[in-house]
Amino acid sequence: MAIVQMKKLRLLAVRDSKEELLKELIRHGCVEFAETEDALTGSEAAAFVHRESSELSKLKTQHQTLVHAINLLDTYAPKKTKLLSAKPELEDRVLLDDTGLAGALRTAETLEGYDARIKRIGAEESRLRSVIESLQPWLSLDLPLNFEGTERCSAVTGSIPARFPMETVSAAIEAVDEEAEIFSVHEEKKAHYVLLVCMREKLAEMQDALRPFGFTASALTGMTGTARECQLNAEQELKQLAAEKENCVHYIIDDAVHRDELKLAADRVNVKMSLAEAEERLCGTDSVLVMEGWIPAYREQELNQLFERFGCAWETVEPEEDEYPRVPVKLENNKFTDSMNMVTNMYSLPAYGSVDANPLMAPFFILFYGLMMADMGYGLIMILAALVAMKKIKPKAGTLSFCRLLLYGGISTFVMGALTGGFFGDAPKVIAGMFGSTWPGLPHLFSPVENSTQVLYGAMVLGMIHLNTGMVVNFVQRWKHGDKLGAILEEGAQWVILVGGLLLISQMMLFKEAAMLHNIGLGVIGLGVAMLLIGAMRSATGIGKLTAPFSCIYNTLTGWFGDVLSYSRIMALMLAGGVVAQVFNTIAAMPSANGVTPVSGIIFIVVFLIGHALNFALNLLGCFVHDLRLQCLEFFGKFYKDGGKPFEPLRIRTQYINPQE
Amino acid sequence: MDFLNTIGGYALGILGAGLAAFMAGIGSAKGTGIAGEAGAGLVSEDPSKFGKAMILQVIPGTQGLYGFVIWFLAFNKLVPGMTVAQGLQVLGACLPIAIGGMISGIAQGKVAAASINILAKKPDDWSKGMILCITVEFYAILSLLASFMMLNGISL
Chain A
1 MAIVQMKKLR LLAVRDSKEE LLKELIRHGC VEFAETEDAL TGSEAAAFVH RESSELSKLK
61 TQHQTLVHAI NLLDTYAPKK TKLLSAKPEL EDRVLLDDTG LAGALRTAET LEGYDARIKR
121 IGAEESRLRS VIESLQPWLS LDLPLNFEGT ERCSAVTGSI PARFPMETVS AAIEAVDEEA
181 EIFSVHEEKK AHYVLLVCMR EKLAEMQDAL RPFGFTASAL TGMTGTAREC QLNAEQELKQ
241 LAAEKENCVH YIIDDAVHRD ELKLAADRVN VKMSLAEAEE RLCGTDSVLV MEGWIPAYRE
301 QELNQLFERF GCAWETVEPE EDEYPRVPVK LENNKFTDSM NMVTNMYSLP AYGSVDANPL
361 MAPFFILFYG LMMADMGYGL IMILAALVAM KKIKPKAGTL SFCRLLLYGG ISTFVMGALT
421 GGFFGDAPKV IAGMFGSTWP GLPHLFSPVE NSTQVLYGAM VLGMIHLNTG MVVNFVQRWK
481 HGDKLGAILE EGAQWVILVG GLLLISQMML FKEAAMLHNI GLGVIGLGVA MLLIGAMRSA
541 TGIGKLTAPF SCIYNTLTGW FGDVLSYSRI MALMLAGGVV AQVFNTIAAM PSANGVTPVS
601 GIIFIVVFLI GHALNFALNL LGCFVHDLRL QCLEFFGKFY KDGGKPFEPL RIRTQYINPQ
661 E
Chain B
1 MDFLNTIGGY ALGILGAGLA AFMAGIGSAK GTGIAGEAGA GLVSEDPSKF GKAMILQVIP
61 GTQGLYGFVI WFLAFNKLVP GMTVAQGLQV LGACLPIAIG GMISGIAQGK VAAASINILA
121 KKPDDWSKGM ILCITVEFYA ILSLLASFMM LNGISL
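Read top to bottom, the protein sequences are chains A and B. Using the numbering used here, read the first sequence as starting at 1 and increasing by one per residue. Using the numbering used here, read the second sequence as starting at 1 and increasing by one per residue.
Read the hints as simulated data drawn from the structure, not as lab findings. We put the beta carbon where it would ideally sit given N, CA and C, even for glycine. Each hint can be trusted.
In silico DMTMM-like links for lysine to aspartate or glutamate, alpha-carbon gap of 25 Å or less: (1) 77/B with 450/A; (2) 645/A with 124/B; (3) 49/B with 115/A; (4) 394/A with 124/B; (5) 119/A with 46/B; (6) 128/B with 634/A; (7) 641/A with 125/B; (8) 122/B with 642/A.
These stretches of chain B come out as covered by chain A in the derived footprint (C-beta under 8 Å, 3 or more residues): (9) 69-77; (10) 125-134; (11) 140-146.
Isolated chain A, as found in the complex:
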């Protein structure tokens, strides 16, 4: 397993065959299109070629319309689907065909039209409701709302804040003109709604007199008839709108029969968008197309035949070392290592020309996961969930590797659970205890509660192995790239110190009489430190040669200390999960302390289910995150070179339909 070897492809093709060639390439799904224009810059050809154009923006609009229409159908006419169901499968030929696309687009546009109408009706409805609301105070006024007075008289409607008593207002009016009068139409907590009647020529004076009382003229413009008539009209209109809205919804629901057509059309447009994106990266003259890209070396044969058939001129070359940062990275995986893709993708792909960490990481990741969860019951749930999902959803790519990760993690969790005697915590023992048995529970090889110190040391030893694996990788890499001295003076020196340390510890623990061993151990450590210092001084420059040894010792020491201690989280999570599970079991069994009754039995089941669901969910996530940290921070820190750009070939991408393999 490694990083797939890539080759750079340069291709000249006849323009007439463009569409067919692209369609064939998308079906093969193994060519990544580079920006051809950039590659041509500065060459003589640049003057003759121009970038190809495509209908990408038009396709994007079409795709939006189709997806919107499908979402509309899902909102108004939701289709009952089984909880776990696979996407329908279709041959790639069908997806590349565009018959029926125009019809589906028309349907989608009609659906969008109905939706727009429903939205407009909604706006109109809220406007009418606010009109009805504003008419409420004037219902008892039987004058038309547009009535402005007679020849000699003015009539003005308006409101005055309630804190001014009507008597005061009337008095103020009468002070200006005795003939004028103000009528209260409606009283509310906050305001008096009033009608002012006065002589036309006095109107301005009246308004001045009313200003101190905060009089505001009403805003009922543009309405004819009395308030009651207006309100009735508005209510009538509301009813009509509601009926129309219902009709629109019905039309949408009726169109639900086209759902599958729309989904197919959306995916067809998806495919066309991928083709258009590729097209925009091409350059060409009137009769010839120029293309640059990357292909995996192992598919070269197959592509050669294809290019032959289309009468192309092409060459493939292996990338130079200085081109490595631009080479896309594809990881070659088998069923086992592919489960690590999620981890590598979340971190960053390895740089081209470095090491693929998946096969190295997989055994450790799965082992650590199992150790942290360590429960047969939880393991079984994980295995079952993964198997059911794989069978029912028929997942592809990312989801598939996640399911595999869940499966392997589950198996490992089950095995470790068997070793530590955990089955939903100590459920078997507690249940037996409820029925009066004194059975001590499942047998175990070691238990995180009883042997927590040993488990802690064990976790750190595993950590040492893990870290050293990373160092071996780095050592081999440097050796291969010619930095032999550096590899010996850095990785090698640390191993020498490690061997010295082991000798020293074994003398102290096992062979207490052999004083000689003690001295040998010290000597070996001294040698290792000397190598390390030489290594540090070798790579430093100037004044750094003096400070390098100190910082080197400090960094190595604290680095190792921190890294190894970090693996204590394996023990911490193992213990925490187990303890929480045990406490839930004990609480669940409490009502059954004096024998099992139907009620106490039900309480047991309820508390047991809730408690374990919580603990399981928390551990599932927690163990993953902490395992991830051990891999990405401690393990990768020893050797990993990240920064790879993922290989994204022109291939069929779909949303609703799975292309058949």
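Fit chain B to the given chain A structure using the hints.
Coordinates of chain B only, in the frame set by chain A:
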């Protein structure tokens, strides 16, 4: 000492167990509260994100659970008539999860609230927010373990 004797070891033990449950509970209550407010804001805009917002909200809920676990273990350990020294041992053993649980719960709540922003703006990357939250969780787990191992070590 006389003063403590009048209180008695049992009462001190009860105080310790209570602290574990209620202080860690405060942490979780505040944490899930902060995250819940942010979540409600998002759900009011986009109700379809309720499930994910809820998952982020319950993450700071674990501290209260850990506090409860220690309360349970400590309470089971108490025997009437225990000495003041024994009572103080239980009290001391309860403190890590009481204080660690409270502070980490609040801190985790803030991370969860910020992660709800991720859910709002970049829904595809919301699981990364979950990972950021779980980082804080580790210190609550360590507090739980410290309390647990100490309680386990006390013999009454």
